[in-house]
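K.L.:
For chain A, the structure is supplied; the task is to place chains B and C on it using the hints.
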Amino acid sequence: MDLGSISLVAFFASLMVASTPILLAALGEMITERAGVLNLGVEGMMIIGAICGFAVAVESGSAAMGFIGAAVGGALLSMLFALLTQFLYATQVPSGLALTLVGVGLASFIGQPYVGESPPAVAKMAIPVLEHIPFFGPAVFQHDAMVYISILLTIAIWAFLKFTRGGLILRAVGENHDAAHALGYKVRLVRVMAIGFGGALAGLGGAYISLIRVPQWTDGITAGIGWIALAIVVFASWKPGRVLFGAYLFGGLTALQLNLQAANVPLLLVLPYLVMLSGVIYLAIAVAAGSWKKTLDVKPTLKTFAQFIGTGLVLLLIGVLTNYASSLDLLLLSSAPFVATIVVLVVISARSKGASNGPAMLGKIFQAH
Amino acid sequence: MTELLKLQGLTKAYPGVIANDDVGFSIAKGEVHALLGENGAGKSTLVKMIYGLTKPDSGTMTLHGASYVPTSPQAARAAGVAMVFQHFSLFEALNVAENVALGMENPPKMKDLAKSIRDVSHAYGLPLDPDRTVGDLSAGERQRVEIIRCLLQDPKLLIMDEPTSVLTPQEVEILFKTLRQLQSEGTSILYISHKLEEIRSLCDGATILRLGKVVGTCDPRATSARDMAELMVGETLHIPTRDAKASGAELLAIKDLNYAPKNPFGTRLKNLSLTVHAGEVLGIGGVAGNGQDELLSMLSGEARAQTGTVALEGKEIGKLGPNARRTLGLLAAPEERLGHAAAPNMSLIENTALTAIIRKDLSKNSFINWTKTESFAKDIIATFDVRTPSATAAARSLSGGNLQKFVIGREVMQDPKVLVVNQPTWGVDASAAASIRQALLDLAASGAAVICISQDLDELMEISDHFAALNEGRLSTPRAAKGLSIDEIGLMMGGSDTVSDTQTTEGVPA
Amino acid sequence: MISLVKRPQPSKAWVVATPILAVIVTMILGGLLFAAMGKDPFVAIRTIFWDPLFNPDFAAYSRPQLLVKAAPLILIAIGLSLGFKAGIWNIGAEGQYIIGAITGASVGLAFYPMEAWFIFPLMIIAGALGGFLWGLIPALCKTKFNAPEILVSLMLVYFAEQIMIAVSLGALRNPEGNGFPGSRNLAQYASSANPELIAGTGAHWGVMAAFAAVVAAYVLLSKHMLGFQIRVTGESPRAAGFAGINANRLIIFCLGTSGALAGLAGLFEVTGPAGQITTSFNTGYGFTAIIVAFLGRLNPIGILLAGLLLALTFIGGELAQFMLSLPSASIQVFQGMLLMTLLAMDIFVNYKVIWRKKEAV
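Here the protein sequences line up with chains A, B and C, keeping their order. Numbered according to my numbering, the first sequence terminates at residue 369, and the numbering increases by one at each position without gaps. Numbered according to my numbering, the second sequence terminates at residue 510, and the numbering increases by one at each position without gaps. Numbered according to my numbering, the third sequence terminates at residue 361, and the numbering increases by one at each position without gaps.
Quick caveat, the hints were computed from the structure, so don't treat them as lab data. From a predicted model like this one, the values you see are computed outputs, not experimental measurements. A hint or two may mislead.
[Claimed, not checked] Simulated pairs of lysine-lysine, DSS-like, Cα-Cα distance not exceeding 25 Å:
#1 B:364 with C:6
#2 A:162 with B:111
#3 B:360 with B:372
#4 A:162 with A:364
#5 A:239 with B:360
#6 C:223 with A:364
#7 C:6 with C:223
Looking at chain A on its own, in the form it has when it is part of the complex:
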């Protein structure tokens, strides 16, 4: 056990790498869902992107070509979903599941000759000047291009939704497809494009895993990240800024897990304090925001704070009682992203009190008359 071996710079750098695939896939799915389409096939599109990107990169020797191939592969697979749901009026939930099943199988099928191959290395693209800032330079500004592209995409999508006519039409289609149709908008076309965009971004996210994060090809390489991306979209209330936040939160968790594992530090030794620290930060932010807006609800704020501290103490107790048993710790470490996803989903759903703030037409079938 060596807590001191964890370098904060390396931690933040690995956080950004871990977050990027989640961010890409979640952004794509957010656009698809804003158009009113629930595509549960993210995992399938990601893994197809992962293998297409890998194969193209290996064959062409160019990682950039690989990413293009991944986007095309993801988008092509998503067109199967578009065909089912937009032209054959199939229900979206099973269609998405089918897409994942096909995608995972197909990826493993295509990927067989590539097991054990290594992809071409992806060059780091250090940002001039900024890269020399102490700490932030190496942590934030010395990454590959995709990290920056994913962040720029977040901003671009935010601007697209807020300021452009295309964004307005996309939102309109997701809010009320009958009205959009009555006004003459091509609901189906908008949705097919949104599905394709979602597929392309999921593909990019998958390729980021197989080309940069891992980087090699193994079966089931996406390991549930597509599903986490779906949860992030719910967590983010379909808003780009919050998708970025959510993706980085989960990336952070993954990075923490890997760093702790590498340093052989039991999670339960660190987690209780992290939770309690989050409580203190929450309290500080709430008080600051409350005194600024002059509306501080003392009771609920204290209650949430107490919940943080309580959770921390319980975790601490578990750690002490089990004497930081390594098998339990391994379990906690490896299942942390999934358990955290559940916790986050529960918290965010409980807060919206049953009223979904998602697009009104989400998952509903549209048929022109």
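P.N.:
Just chains B and C now, with coordinates in the frame of chain A:
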């Protein structure tokens, strides 16, 4: 007057039905032209063709003397044709300005658009705040959004589909003023309605459709409402007869009911009180979206009330669910036939089991007796003259009127003590509507209490003993229906409950 | 020009015909795929669908396998179909299957090496209970907090897999296993074994349970109030509310029942065909069962047939891998395509497809 739009021989067939058959008429510049017809007469198909939403199978349209073949609503708008929809083509989660922008080809920047929305809406007496979310607006205000959206494009022809069905009489006056102002500026209006008095007061010409064909044209100012009605319906109607009755025991009482619905765009019920007695029909009017659905769910038991607010025969029932209320004799028929009162893909037999298991004793030890259910379903079908190939037909395969007869029949034949119906004849043909109203009157005559929520004032005046109106979740004090004037009803619907009783008794001829 | 006309009601004939057609179309598509890989498509299809049952060289081994593989698929799919019918999406059956196996096995291992008649029944109860409780988590998250059950149940699969790895290495590890991960072999411990009941058929207790589940589900759906409530809720949630159906109770019932059935499937697997909990105990039955449920049209009898068919693809897939060196993933692709084709063909159930001459303008 010069001719603006001319339709010739328009025909449109859907599989199994000819929606429009050789329809032709013309609209002059600056004319308000009425398109009259019952539900299913083919009005909306015709309008869809003019607005570019569907293509006619044959026939031609001429606009300004030139051939007019709109391939899309965008093309129609570019040619100067705008439309205000009956079921609004609005987006609840978006704000007014965004909604308006979506209806325009080349909207200006949001800032400029907001300003012109303010300007135009004031100029036409329909003030609107461009920044408000549409979901928070009342039905009348939403219609303004639609109208302003059209006006900003300076249309030559404005199509209005049943615009007054969502308005109070006072709001109707404001709308008519706006329309006349438009007319004086040279805009033509195609006005779709089945409300004859409105048409007589507003329109210059009328075309009457029945079963997809033009059955007549007339000058509505020179034609009596009765003659137009006969053209429209094509048969003499069975008018329900209302038996005299004595007021019986109090059956249902609501006292100071408050309810905040889960749906953020729903209507809050505020301090709502009413009582109904055996043999009484209470009519509840009001513009859609003023708490009708919420009131029905409070009575059906789909939503729970606070203790002490709802009582049936003196027994507290606010916390009871739908089935417990059915056991006690309080039944309901919601507005939406498909997907609320009935499950669309399930058979009539299964839809009978939906609400009748308890009172008709259709199950034993939690196992459903399907034979008994089927025979009750057949009973309903026979008694209420539901036209269906069989009891195993899916609910959605029935026409609106037949399904509605089935839904009302299903509840009426369970001998309720109190029956609550919401929009019992909405979208139903005239003869089915008449028989449904008669069934409600018969039920009341047999000693049950009936609460009829409806937006059709004629219907309410025809069957109600007492009348009240919902406005923004508040219910006006119920008053005897007999002798209420249209002005008083309008005030009740507009939320003004201050008309004193002395005022109502005088001056209105019975 | 092709145009679609909505049928007044779903076509009963097409409801039955589409799964059969989907299988045929998928065979053709699969054949094309195999041909593209340079294999003889006819040989490949025959190897997968015919040889396991009728080729004298393999049938003796393969035929009993059919019931062994079909049993968990059917058990799980029956449970899933209840929820799917009501619009409740449990896609975490794989996790419930794992947890059922672990809890059931734990009870058995706790008694080791005692021999007693009641151990196996206790294990069955523990297995069902484990799956039930694991299924209850998404149900409660849904009813208490309105969290989407699709995502929660799926996340619990990954969690269950990690638990499975942890107990294989820790709590349940065979102390006499020379340090290898994995529990004792339950099939070799008489009181916990789930043996073949009728020699040569492959029929173990799980197969019996699967048949019982088919019958029970059939009665439930066609005669019982609860089955009716499930169907109404799926058809129209609002009509269900109007009929006084308690949605939360149904969510708990459906997720709990499908969890319990998946748990049972896991228990019968770990005590019979698999024998022990290992780090790779689960083989995807929970996901394939989703296909089985849809291919069987969420109808118990249909699920029985679909379960047998999908079991055949597993066995035939292995055979094809062995005989023709087809990649193992090809059978996964095949199964996924089957679901896709079926969903695509659903259009015939609700729509009439009409060929019309191009409209005159």
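K.L.:
When you check the alpha-carbon spacing of residue 239 of chain A and residue 360 of chain B, does it fall within 25 Å?
P.N.:
The hint is violated at about 51 Å.
K.L.:
Holds or violated: are the alpha carbons of residue 360 of chain B and residue 372 of chain B at most 25 Å from each other?
P.N.:
9 Å, holds
K.L.:
Can you confirm whether the C-alpha distance between residue 6 of chain C and residue 223 of chain C stays at or below 25 Å?
P.N.:
Given that 25 Å is the threshold and the Cα spacing comes to 30 Å, the pair is violated.
K.L.:
Is the hinted pair residue 223 of chain C and residue 364 of chain A satisfied, with a Cα-Cα distance of at most 25 Å?
P.N.:
Between residue 223 of chain C and residue 364 of chain A the Cα gap is close to 31 Å, so the pair fails against 25 Å, i.e. violated.
K.L.:
Do the alpha carbons of residue 162 of chain A and residue 364 of chain A lie within 25 Å of each other, as the hint requires?
P.N.:
At roughly 24 Å apart (the allowed maximum being 25 Å), residue 364 of chain A and residue 162 of chain A satisfy the hint.
K.L.:
Would the pair residue 162 of chain A and residue 111 of chain B pass a check requiring their Cα atoms to be no farther apart than 25 Å?
P.N.:
14 Å, holds
K.L.:
For a C-alpha distance cap of 25 Å, please report whether residue 364 of chain B and residue 6 of chain C respect it.
P.N.:
37 Å, violated
This entry does not satisfy hints 1, 5, 6, 7, going by the numbered hints stated previously.
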